[in-house]
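Which chain is which? The protein sequence lines are A and B, in order. Quick note, in the numbering used here, the first sequence goes up one by one and the last residue is 421. Quick note, in the numbering used here, the second sequence goes up one by one and the last residue is 421.
Since the hints were derived computationally from the structure, they do not count as laboratory data. Warning: the hint list may mix true and false statements.
Since the list gives no way to pick out one identical chain from another, each pair is judged satisfied if it fits inside one copy or across any two copies.
[Stated by the list, open to error] Simulated crosslink set (DSS-like; lysine-lysine; CA at most 30 Å straight-line):
#1 Lys-184 / Lys-206
#2 Lys-387 / Lys-206
#3 Lys-184 / Lys-174
#4 Lys-174 / Lys-410
#5 Lys-298 / Lys-206
#6 Lys-122 / Lys-410
#7 Lys-122 / Lys-307
2 protein chains.
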Amino acid sequence: MKKPFPKLIVALCLAAVSAIASARDPLPSWNEGTTKSAVMEFVARVSDENSPDYVPVTERIATFDNDGTLWTEHPMYTQLVFAIDRVKALAPQHPEWKTTQPFQAVLENDLKSLAASGEKGLLQLVMATHAGMSTTGFETIVSGWFETARHPRFKRPYTELGFQPMLELLAYLRENGFKTYIASGGGIEFMRPMTEQVYGIPPEQVIGSSIKTRFETQDGKPVLMRLAEIDFIDDKDGKPVGINKFIGRRPIAAFGNSDGDRQMLEWTAAGDGARLMMLVLHDDAEREYAYGPANGLPETKFGTFTPSLMEEAQSNGWVVISMKDDWKQIFTSAQ
Amino acid sequence: MKKPFPKLIVALCLAAVSAIASARDPLPSWNEGTTKSAVMEFVARVSDENSPDYVPVTERIATFDNDGTLWTEHPMYTQLVFAIDRVKALAPQHPEWKTTQPFQAVLENDLKSLAASGEKGLLQLVMATHAGMSTTGFETIVSGWFETARHPRFKRPYTELGFQPMLELLAYLRENGFKTYIASGGGIEFMRPMTEQVYGIPPEQVIGSSIKTRFETQDGKPVLMRLAEIDFIDDKDGKPVGINKFIGRRPIAAFGNSDGDRQMLEWTAAGDGARLMMLVLHDDAEREYAYGPANGLPETKFGTFTPSLMEEAQSNGWVVISMKDDWKQIFTSAQ
Chain A
87 MKKPFPKLIV ALCLAAVSAI ASARDPLPSW NEGTTKSAVM EFVARVSDEN SPDYVPVTER
147 IATFDNDGTL WTEHPMYTQL VFAIDRVKAL APQHPEWKTT QPFQAVLEND LKSLAASGEK
207 GLLQLVMATH AGMSTTGFET IVSGWFETAR HPRFKRPYTE LGFQPMLELL AYLRENGFKT
267 YIASGGGIEF MRPMTEQVYG IPPEQVIGSS IKTRFETQDG KPVLMRLAEI DFIDDKDGKP
327 VGINKFIGRR PIAAFGNSDG DRQMLEWTAA GDGARLMMLV LHDDAEREYA YGPANGLPET
387 KFGTFTPSLM EEAQSNGWVV ISMKDDWKQI FTSAQ
Chain B
87 MKKPFPKLIV ALCLAAVSAI ASARDPLPSW NEGTTKSAVM EFVARVSDEN SPDYVPVTER
147 IATFDNDGTL WTEHPMYTQL VFAIDRVKAL APQHPEWKTT QPFQAVLEND LKSLAASGEK
207 GLLQLVMATH AGMSTTGFET IVSGWFETAR HPRFKRPYTE LGFQPMLELL AYLRENGFKT
267 YIASGGGIEF MRPMTEQVYG IPPEQVIGSS IKTRFETQDG KPVLMRLAEI DFIDDKDGKP
327 VGINKFIGRR PIAAFGNSDG DRQMLEWTAA GDGARLMMLV LHDDAEREYA YGPANGLPET
387 KFGTFTPSLM EEAQSNGWVV ISMKDDWKQI FTSAQ
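Excised from the complex, chain A in its bound form (with noise of 0.2 Å):
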């Protein structure tokens, strides 16, 4: 027998981390009940070599989108705060936006005329604090706006609101060989200066909304300049293009929260085989925020989570997470 210790040392390792992993519960922010259960049973089905359902290593790809599923989107994108602060910061330079709507409606905290705005001022504004800078320029931005904005119910930073069992989800799938993909509407290059920090996932599993970029050389250097164009926008119909585009494979699970995410779940439940589709359902409003309009919750201007989407998770099968149910813990404890 040639070269016998690679091998034993390669089982052995897995023996340890094997025992270790059994050990301990990965989900403890999750009541008992069967929202876990089905994470569990699913995680166990694909992963288990001897299961009918196994699925190998390479495909195990679970995407989640963002705003809503892994962190608090209210009472507004958090995106949204950072145009509306950069607007603010950019005001001196931009005499006109004092009369100019929506920048007069940001300036003058002026949330009506803001929502009057509609789509097209949303699409001013991003236009104006996400363009017109190179990318690196932009990550700068991004990362000081980060360490300095707070919450302002939470009163913590942005990156301290990702959800507690969302983050012991993301990493128990990858214990199990799952590649963790982003899969949101919000700006890809506005999510990838803290997905790392913030969920362990790195840059390139980020797949989100973006403008069109430009290679220029600059004073003989290379650089990408962001152009006040729309590229692609990672939502609804996007999400499986997207998924698609950027993966090359279908999901076999997918986590949402909004009817933004019910092509993303329909898509990735039409593969073959074993499938886990969840939705976050925000009912609490006393840990964190309640919307709908699905079960009578509020109806409110981000995350809309209608009765068709309820309609369509319960005949499908798709699992709705109760915030109020089954989660201990809504965020990390202070650091």
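Could you slot chain B onto chain A? The hints should help.
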């Protein structure tokens, strides 16, 4: 001391792996010389924790052009051969092609008229053969084609025409913690069905040109339909754009063979710290093909390596690989 077991095991694992690795030449198909040394010295510098040029594993990103860098691109791009074969296969359903260019040229094997149809003609061929079906349908067509198609000169499947020295280089980089990506002007969904088998590169690490897809529900089942509309051209200026979009990190090593790779190498070179930029020069008509027009080699239609690219390589310390001098063997041994 608590739980010394796993740590000890990990240390033993690393020692064992390292001992095995140092015992063999990782690049046996490369002749000794400055080219091979450039690769090995670079890898040593970035992977030695005590080196001032050390790069953490997560940042060890290497991007490779495909056509002419990883596999043969003559007498024409493999994807063009595929498009031509598909036009012939689909012709019975399109009687009008008998009298419509560029289809007529393809059906009559009239390469002169085909060339005269230019980029516009090429695009028409691509749209007629790559669009109008679902993504899974297209994957089936491509996989089937790769099984039966043979290269006209080497009489082997295209999937056996990867360059052996580059396959060794890919494996060597991965053994040293690199994530290897393809960044090609070729179609992303044309490459993905074969990159894992040929290069050990999974679909999620393939960047390429694409047409748009649309999410639809057909007979109650969601599909992604391929549309006859350009989404993104991953060539020249587009390569850094595609790399930034898909990976969100700048590569520390980039490999190409033509003017289409110039901006990818410039973008890679412009980062801080140790960098490796390499270009394959096809100067071996006997074992593969010879074309430039750099170095006085013949000028051809596919994979142009201009004198100006050669000049840029030489002024910037990019390494030019001579197929003739640096490679002991071109293709994998017959299987």
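Verification of the hints:
no.: 1; hint: Lys-184 / Lys-206; result: within (18 Å within a copy, 48 Å between copies)
no.: 2; hint: Lys-387 / Lys-206; result: within (15 Å within a copy, 46 Å between copies)
no.: 3; hint: Lys-184 / Lys-174; result: within (11 Å within a copy, 63 Å between copies)
no.: 4; hint: Lys-174 / Lys-410; result: neither (36 Å within a copy, 61 Å between copies)
no.: 5; hint: Lys-298 / Lys-206; result: both (18 Å within a copy, 24 Å between copies)
no.: 6; hint: Lys-122 / Lys-410; result: within (14 Å within a copy, 60 Å between copies)
no.: 7; hint: Lys-122 / Lys-307; result: between (52 Å within a copy, 28 Å between copies)
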